[in-house]
Amino acid sequence: MARDIFRRLVRWEGLLLAILAVIVVVTGIAVPGYLNPQNQINLLELSIEKAIVVLAMTFVIVSGEIDLSIASVMGLSAVLVAWLKEQGVPVEVGIIAALLVGALCGLFNGYWVAVIGLPSLAVTLAGLIGYRGAALLLVGDRSIGGFPEWFNRLGQQPLLGPFPLALMVFAVLLVGATVLLQFSGFGRYAYVVGSSPEVARFSGVRVRRVKLAVFAMSGVVSAFAGVLLLARLGAVRGSTAEGFELDIITMVLLGGVSIFGGSGTMAGVILSILVVLNLRNGLALANATGNTQAGVIGALLILSVLVPNLVAAARSRLGRGGSAEAAVIPKLSDL
Amino acid sequence: MRIKHSTSLSLLAGLALVASACGGPAAAPSQSPTQAAATPTQAAATATAGGVAKATPGQSVKMMLLPKFLGILPFAQANKGAGDAAAELKNSTALAFVGPTADNSVQGQIEFMTNAATQGYKVVMISNNAGDQIAPAATAAQAAGVKVVAWDSPIPSAKGENLFVAQVDFNEMGKVMADMALSIMGADGGKFAILSASPDAANQNAWIKALNDALKDPKYAKVQLVDTVYGNDQSERSYTQAQALVAKYPDLKVIMAPTTVGIAAAAKAMQDGKMCDKVKVSGLGLPSEMVSYTINGCAPQFALWSFVDLGYLTYYTSYMLATGAIKGTEGEQFEAGRMGTFKITKDPTRSAGLRVLMGPFKIYDKTNVEAEAK
Amino acid sequence: MTLLLRRVRPEQVRELTLVFILVAVVAFFATQIPNYLAWQTFTDISTGLAIIAVAAVGQTLVVLTRNIDLSIGSVVGLVAYFVGTLLAGTPGMPAPAAFGIAIAMGGALGAVNGVIVAFGRVPAVVATLGTLAIYRVALVELSGAKTVTTDSLPAWLLNLPRMSVVSLGQLDVRPLVLLALAVVIVFQLVLSYLPYGRRLFAIGSNPDAARVAGLPVERDVFVAFLLSGALAGLAGFLFLVRFGNITVVAGQGLELQVVAAVVVGGVNIFGGSGSIVGALAGATLINVLQQSLIRWPAVSAFAQDAILGLLILLAVASDKVILGRLRTIWVQARRRDEERAAATAAEQATHGA
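Chains as they are written, first to last, in this note's numbering: chain A, 1 to 335; chain B, 1001 to 1374; chain C, 2001 to 2353.
Check each hint, because a few of them may be wrong.
[To be verified] Pair by pair, the computed Cβ-Cβ distance ranges are: (1) B:G1340 x C:A2155: 29 to 35 angstroms; (2) B:E1370 x C:Q2170: 45 to 51 angstroms; (3) B:D1188 x A:I96: 36 to 42 angstroms; (4) A:V22 x C:A2097: 41 to 47 angstroms; (5) B:G1189 x C:A2155: 31 to 37 angstroms; (6) A:I29 x B:A1371: 27 to 33 angstroms; (7) B:G1324 x A:I29: 31 to 37 angstroms; (8) A:R206 x C:E2339: 32 to 38 angstroms; (9) A:E149 x C:S2273: 54 to 60 angstroms; (10) A:V22 x C:L2142: 27 to 33 angstroms.
[To be verified] Below, in silico cross-link-like pairs of lysine-lysine (DSSO-like), each with a Cα-Cα straight-line distance of 27 angstroms or less: (11) B:K1374 x C:K2146; (12) C:K2146 x B:K1080; (13) B:K1122 x B:K1343; (14) A:K85 x B:K1209; (15) B:K1122 x B:K1054; (16) B:K1362 x C:K2146; (17) B:K1366 x C:K2146; (18) B:K1159 x A:K85.
If you're looking for bench data, these hints aren't it; they were derived computationally from the structure.
By construction, the Cβ of each residue, glycine as well, lies at the ideal position given by its N, Cα and C atoms.
Using the sequences and the accompanying hints, generate a full structural model.
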C-alpha cells in the first residue's frame, strides 16, 4: 500500500503536484496576500502569454524538435500590429496579418527542418536572430502605443467576472491542446515522430507533414500570444518579449517533456506552469529579487529530476522495490 | 589633431560649456540646489500659498526602490542615497531595494509593479526600463493607492506616473554632449558617432534626440553626427561596436557614449587598438571607472551626476508624496533635506508629466577626475 | 578533383565546405566595405573570436556525447568577475596563478554540471539550464553591485591584449589568438588520436551500446563537462583580459553564440559526429558575419540582425547542399571506379582464359 502510493508519487505529475501543494501551502501561510484571489489572477495574467506558448512548444519538443524563435515571433507579431496601425491599417486587420506572418515564420522554420533536413536548433536560432531583426527593422528605436480603447480594455481589464480575456483564451487553448496531444491521431503521430522518425516513416506517418504542422502551430500560437502581450502592455518596442524562450523551454522541460522527444504529458506541463508561476509570485511577494527567483527556479529544475533519480538509485542499491529504472520517469533518465 | 582640455572643473548649469579652451573656474559648488529651481518656471502661483513644504520625519511608509536591474554600481549608489534619506526621515519601515535580472528587466519590472499593490507598498520608485509598456501596470498600481515616482528614466507618456525625479534636464543633456564633442574636436569640428545602450532605453533615446536638436545650432556646424550604434550595455558588445565604428569611419574623431558601460568599453577598445590619439571617447561615465582613460587622454572629458544624490532626492520626494506633505501638483515647492529646495514643474522634455529637476551635473576631466574617483 | 574525391570521403572534408563559404563571405564583404581586407580587421575579428573559439571547443566535446552545456555564458561571466576581483585585491599575483585559478574555477563549475548529468542522470539541457541561472545568480550576489574596472587590474593584464606575438608589418597576432589556436589544435588531436576522444564519438553515437560495450560512459561524460567548464573558465580569463570592465551581465547570451558556432560547424547536435576544427570554422563564420555586418555602411543598426539571421540560415543550408552534392559526386565516382575495375577484371579474366 505505502509502496503503491510512493510509486505514484514518483511519477512525474505526482511529484509536480506535490511540489505545487507544498508551494501553495507554505506560501499561503507565510506570505500575506498570496491567496488573495486577485493575486492568484495576477500571477497567471503576468505570464499568460508565456503559458500559451508553452502549450505549442510542448508539441514541438514532443515531436523531437526545438523552436528557439518563439519569443522573436511574439515580438515580431506585436510590432507588426503596431506598425500596421501606424500605417493606417485597422488593428483587427493587423491582428490577422500578424497571425499570418506567425504562421509563415513557423512554416519557414518547418520547411528547413522537415523538408531540407537541417537541425531545428540551427534553423530556429537563426530565426531567433532574424525575426527579432525584422521587428527591429520595423520600429527601430521607437515605441508604438496609442491603441484603440477596445483593444487595451481586452488586454488590461477583466472581461468576465474577475477574469481577463487572455486567461479564458488560455483555458480554452489548454483544453484544445490536451485533446490534440493526448486524444487525437495527430498527437499520437507527434509522439511517434518524436520517439523514432524511422519507425514513424515505416508505419506510414507523414513525418514531414507532422513536423511542418507542429512548427506552423508554434508560429501561429506565438504570434497570437504576441498580440495578447501587446494588448496587455498597451505599447510595443523592438525588444518586446525578448528572452522569453528560456522561460518557456524551462516550463516545458520541468513538465517532464523529454528534450529528445516522444514523451511527456500535457498534465505535467500545466502543473509545471503552475509551479513556476506560483513559486515566482510567492518569492516576489516575500520581497525576493528577480535574481533569487531565477536561482530558485534553476535549482528546482535540477532537483526535481535529480532527487527522484537519487532516491531510485538508493532504493535499487538497497535491493528493495525492484528495478530503479522503472521507477524513474523512463525517458528522462535515459541520458 | 590637438585636443583642448577644459582646465578646471566646469559646472554646467543651463550654460553651455564654452568651446574654446579653458572653462572658467567653477562658480558654484556641485551640490548647489538653487540650480534646480532655475528651470523654466511656470505658474508658480498655483503653489500652496508660496510655502515650502517640509517633511514630517518618523512616519512609517512602505517604500520600494525598483532599479532597471540589480547588480551595477549606479543603482547601488542610488540605493545608498535613498538609504541616507530613509535614516534622516526615520522611516520605521525598511526600504525594499528589489529588482529583476538584467535579462528579464522589462517583464520583471512589470511584475514588481503589479505585486506592489498586493504587498501594500505606498510608493514604488522606479528607474523605468519598460518604456510605456509599464503604463498599464503603473496605472493599476495607482488605482490601488500606490504612488509611482520615476527616477533616472521616466515613463515616456507619463501615464501611471505621479512624478519624475530627473537627474538633469534631458534637453540640456543634448547640449552638453554637443559641447563635449566640440570641445574635444576643437574648432575644426569633425565626425562623431553615438554608442548607446539599447534602442529602447527611453532616457538614452531622449538624450540622443536632444543632441540631434542641439546640433542644429550654427555653433556646431562643423560637428557631424554620422552614426548611432547600440552596445546593449554589455562590455563585450559595446567594445566590438566601438571597434567597428572606427573601421567604418576612418576619419571619426569622437565616440560619444551616454552610458557608463558603453563609455568604459569604448575607451578600452580605443586604448587596446592604440587609437587614442586619433579617436577620443566621451559621454556619461563613472569617475571610478574612467579615471585612467581620462589621465591617459583616451577619454579627456565626460559627464555625470551623482546617483547617490538622485536616490536621496527621489526618496525624499516620494516620502513627502506618500505622507501627504506634498500632493504632487505643479508649482509645489518642498525642502529635500541636505539638498535644499525643489519645485515641481511641468516636464518640458515630454508631452506630459511633472518633473522634479535635480541637476546640475559635473564635467570631469583630468583636473578633477582623480579626486572624484576615490 | 575527381581523383581527390575518390580517395577522400566528403565527411572528411566537411570543414572545407565551411571554409569555402567563409571565403565567399569575405569576398563579398570585401566588395562592400572599404578597407575591409586590412590587417586591422583581421586583428579585431581574430581577437574577439578567440574567446568564442575556446568555449566552442569545450562545447564540442560535450555535444559529441549527445549532451549540451548551456551554462557557458554564466561560467565565463562568473570566472571573469571572480578572477578580476581577485587580481584587483592582490595585484602581486603572478600571471600563471591567475590563469590557473580561472581554469580551475571553470573546471569546478563544469564538474558540478558533470556530476549532475553523468551521475545524477539529469538530462543535460535541464541541468545546464538550471546552472545557467544559478551561476549567474552567484555572480550577482558575489558582486555586491561592484564592477571590475580596468583601473583595478594589474598592468600585465591590461597590456596583454595590446601585445603582439607575431608582428609582420601591420599584421598583429595577439597572444589571445595564439592561445585559442593552441587549444583548438590540442583538442583536435585529443579527439582524433587519444582513446578518450574516440570514446566520445562512440558514446554520442549510441550511449546504450557504449555502456554495453563496457565503456566508462559516466566517467567520460563527466570529464567532457569538466573540460567544457575548464575551457569556459579559460574563455572567462580571456574575456577579462580583453574587456577589462566586468559587470554582472558579462558573458550573458554567450552560450547561444557558442551553440550556434558548434551547430554551424557541423557538429551533430545529437552526438557522435563533428570536429573541433569544424566548430572553429563555425565560430569563425558567425563571428565574421557579425563583425562584417556592423562594419557595413549600407546597413543600419536596425537591419543587421534580420540579415544576420538569414545569413546564418543560408550558411547552414548551403553547407548541407554542398556536402550533399559532394557525396553524390563521390558515390558516382566510386561506382564508376568499381565498374571500371570490374570491367578490367572481367577483361583480364577473359584474356587469361
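These are the hints, each one checked on the structure:
1. As the Cβ distance of B:G1340 to C:A2155 is approximately 44 angstroms, the hint placing it in 29 to 35 angstroms is violated.
2. At roughly 35 angstroms, the beta carbons of B:E1370 and C:Q2170 sit outside the given window of 45 to 51 angstroms.
3. Evaluation of the 36 to 42 angstroms hint for B:D1188 and A:I96 yields a failure: the beta carbon distance comes to about 56 angstroms.
4. About 46 angstroms separates the C-beta atoms of A:V22 and C:A2097, a value consistent with the hinted range of 41 to 47 angstroms.
5. With their beta carbons about 36 angstroms apart, B:G1189 and C:A2155 fall inside the hinted range of 31 to 37 angstroms.
6. Taking the beta carbon of each, A:I29 and B:A1371 are about 54 angstroms apart, not inside 27 to 33 angstroms as hinted.
7. In this structure the hint that B:G1324 and A:I29 lie 31 to 37 angstroms apart at CB holds, the actual value being about 35 angstroms.
8. Checked against the hint of 32 to 38 angstroms, the C-beta distance between A:R206 and C:E2339 comes to roughly 37 angstroms, which is consistent with it.
9. The hint said 54 to 60 angstroms for the Cβ distance between A:E149 and C:S2273, and at roughly 57 angstroms that hint holds.
10. Taking 27 to 33 angstroms as the suggested C-beta distance range, the pair A:V22 and C:L2142 conforms, at roughly 29 angstroms.
11. A distance of roughly 14 angstroms separates the Cα atoms of B:K1374 and C:K2146; the hinted pair therefore holds under the 27 angstroms criterion.
12. The straight-line distance between the Cα atoms of C:K2146 and B:K1080 is roughly 13 angstroms, inside the 27 angstroms bound, and the hint therefore holds.
13. Between B:K1122 and B:K1343 the alpha-carbon distance is near 22 angstroms, which keeps this suggested pair within the 27 angstroms criterion.
14. The straight-line distance between the Cα atoms of A:K85 and B:K1209 is roughly 24 angstroms, inside the 27 angstroms bound, and the hint therefore holds.
15. With a CA separation close to 19 angstroms, the supplied pair B:K1122 and B:K1054 stays within the 27 angstroms bound.
16. Proximity of B:K1362 to C:K2146 is assessed by CA-CA distance (about 22 angstroms); at most 27 angstroms being required, the pair is judged to hold.
17. The suggested pairing of B:K1366 with C:K2146 holds, with an alpha-carbon distance near 23 angstroms, which does not exceed 27 angstroms.
18. The straight-line distance between the Cα atoms of B:K1159 and A:K85 is roughly 21 angstroms, inside the 27 angstroms bound, and the hint therefore holds.
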